[in-house]
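Student: So the sequence lines, in the order shown, correspond to chains A, B, C and D.
Quick note on numbering: the numbering used here labels position 82 of the first sequence as 82, and the sequence is numbered without any gaps.
Quick note on numbering: the numbering used here labels position 29 of the second sequence as 116, and the sequence is numbered without any gaps.
Quick note on numbering: the numbering used here labels position 8 of the third sequence as 182, and the sequence is numbered without any gaps.
Quick note on numbering: the numbering used here labels position 45 of the fourth sequence as 306, and the sequence is numbered without any gaps.
No lab work stands behind these hints, which were simulated from the structure alone.
Where hints are given, some of them may not hold.
Facing chain B, according to a computed beta carbon distance under 10 Å, are these residues of chain C, among others [stated by the list, open to error]:
1) Lys183
2) Leu185
3) Asn193
4) Ile205
5) Glu206
6) Phe208
7) Ser209
8) Phe210
9) Ile216
Even for Gly, the Cβ is constructed at its ideal location relative to N, Cα and C.
Chain residues, written in single-letter form:
There are 4 protein chains.
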Amino acid sequence: MEDFEKEIKDLAGWEKVENKLSKNFKFKDFIESFSFVTRIAIISEKMNHHPDITISYNSVHIDLTTHDINSISKNDIILARKIEELI
Amino acid sequence: MEDFEKEIKDLAGWEKVENKLSKNFKFKDFIESFSFVTRIAIISEKMNHHPDITISYNSVHIDLTTHDINSISKNDIILARKIEELI
Amino acid sequence: MEDFEKEIKDLAGWEKVENKLSKNFKFKDFIESFSFVTRIAIISEKMNHHPDITISYNSVHIDLTTHDINSISKNDIILARKIEELI
Amino acid sequence: MEDFEKEIKDLAGWEKVENKLSKNFKFKDFIESFSFVTRIAIISEKMNHHPDITISYNSVHIDLTTHDINSISKNDIILARKIEELI
Chain A
1 MEDFEKEIKD LAGWEKVENK LSKNFKFKDF IESFSFVTRI AIISEKMNHH
51 PDITISYNSV HIDLTTHDIN SISKNDIILA RKIEELI
Chain B
88 MEDFEKEIKD LAGWEKVENK LSKNFKFKDF IESFSFVTRI AIISEKMNHH
138 PDITISYNSV HIDLTTHDIN SISKNDIILA RKIEELI
Chain C
175 MEDFEKEIKD LAGWEKVENK LSKNFKFKDF IESFSFVTRI AIISEKMNHH
225 PDITISYNSV HIDLTTHDIN SISKNDIILA RKIEELI
Chain D
262 MEDFEKEIKD LAGWEKVENK LSKNFKFKDF IESFSFVTRI AIISEKMNHH
312 PDITISYNSV HIDLTTHDIN SISKNDIILA RKIEELI
């Protein structure tokens, strides 16, 4: 199975933890957090590939994995890159 | 400290786990999950009291706690009731 | 040019006004209006076909048209049907 | 009735048209438009004062008025300032 080591290294702040690609984002307040999550919601539905998203006030945690293979796939890398473009 | 035992019993599906009041909600798809979270976002910002929210495709997990007292407060009960009214 | 007369007749409450397919929706409050608009936002971005949306408190007005042909196209019919499924 | 002439002059790009305070905002795409509208939705529900919002792909038009007095009130000025802070 591909491990996407190089691709993950190029994604600043993203880490592979077990079978997930994860990053934590900080914002100035809840409104900015939720606005970020709204943009992720739209792009992930468009890709038919959805992250797990946890919102805790001004912090947003994203976990990306591909359930079919119980591992990180190319789709997770693509979605992580799209999320980075939103910042 | 008040334990809100009676109030929590009246909140169908909500459970006290350690210092949190929690419930898991299931929807038919991601769009319905996210629409529910949007309504929670608006009412919680209006209350100045924000839950931790985790979205996993068609599942939404809510944790309510009051950080100042590291326990469940009256505000958590009020927010849980408002969330129930959204269903 | 196709006029989609039959398809529009089957779409309850939608009306052709000039080159647009339009409907007005009423909700109990602003939160319900905005939640409806959020779902439309997600499905329209997914279709790459976006309505004009006006939110006035508990009222949401939708105008569908296809700018390339300055008229109603099959895409507008499809999007109107998807919006109806959200109600 | 107060006309808020000075306050409106200080709000860059906002114009008084009849009884409304209006501005048009342009974004790079629909996702950015909708993200802006989401933030306005949250702050306006928090204020219990809601603008009319029209989303046309990458353009967002805002009309502020106070229906009770059929004119611009202090609340419209406050909401316009909060909207400017979102940009």
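Student: Against chain B, run the beta carbon of Ser209/C and see if the smallest gap drops under 10 Å.
Tutor: With Cβ-Cβ at 5 Å, under 10 Å, it holds.
Student: Classify the hint on Glu206/C as holds or violated, based on whether any CB of chain B lies nearer than 10 Å to its CB.
Tutor: 8 Å, holds
Student: Is the interface hint for Ile205/C satisfied, with its Cβ closer than 10 Å to some Cβ of chain B?
Tutor: Because about 5 Å separates Ile205/C from the closest Cβ in chain B, which is inside the 10 Å limit, the hint holds.
Student: Is the interface hint for Phe210/C satisfied, with its Cβ closer than 10 Å to some Cβ of chain B?
Tutor: This interface hint holds because 8 Å falls under the 10 Å limit.
Student: Using Cβ atoms only, decide whether Ile216/C comes closer than 10 Å to chain B, and label the hint accordingly.
Tutor: 5 Å, holds
Student: Let me know if the C-beta of Asn193/C comes in closer than 10 Å to any C-beta of chain B, holds or violated.
Tutor: Hint on Asn193/C: violated, closest Cβ of chain B at ~29 Å, above 10 Å.
Student: Tell me if the interface restraint on Lys183/C is satisfied: Cβ within less than 10 Å of some Cβ in chain B.
Tutor: 27 Å, violated
Student: Close enough to count: is the Cβ of Leu185/C nearer than 10 Å to one in chain B?
Tutor: At 20 Å from the nearest chain B Cβ, Leu185/C fails the 10 Å test, so the hint is violated.
Student: Would you settle whether the hint for Phe208/C is holds or violated, based on the nearest Cβ-Cβ distance to chain B being less than 10 Å?
Tutor: Holds, about 7 Å.
In this structure, the hints that do not hold are numbers 1, 2, 3, in rising order.
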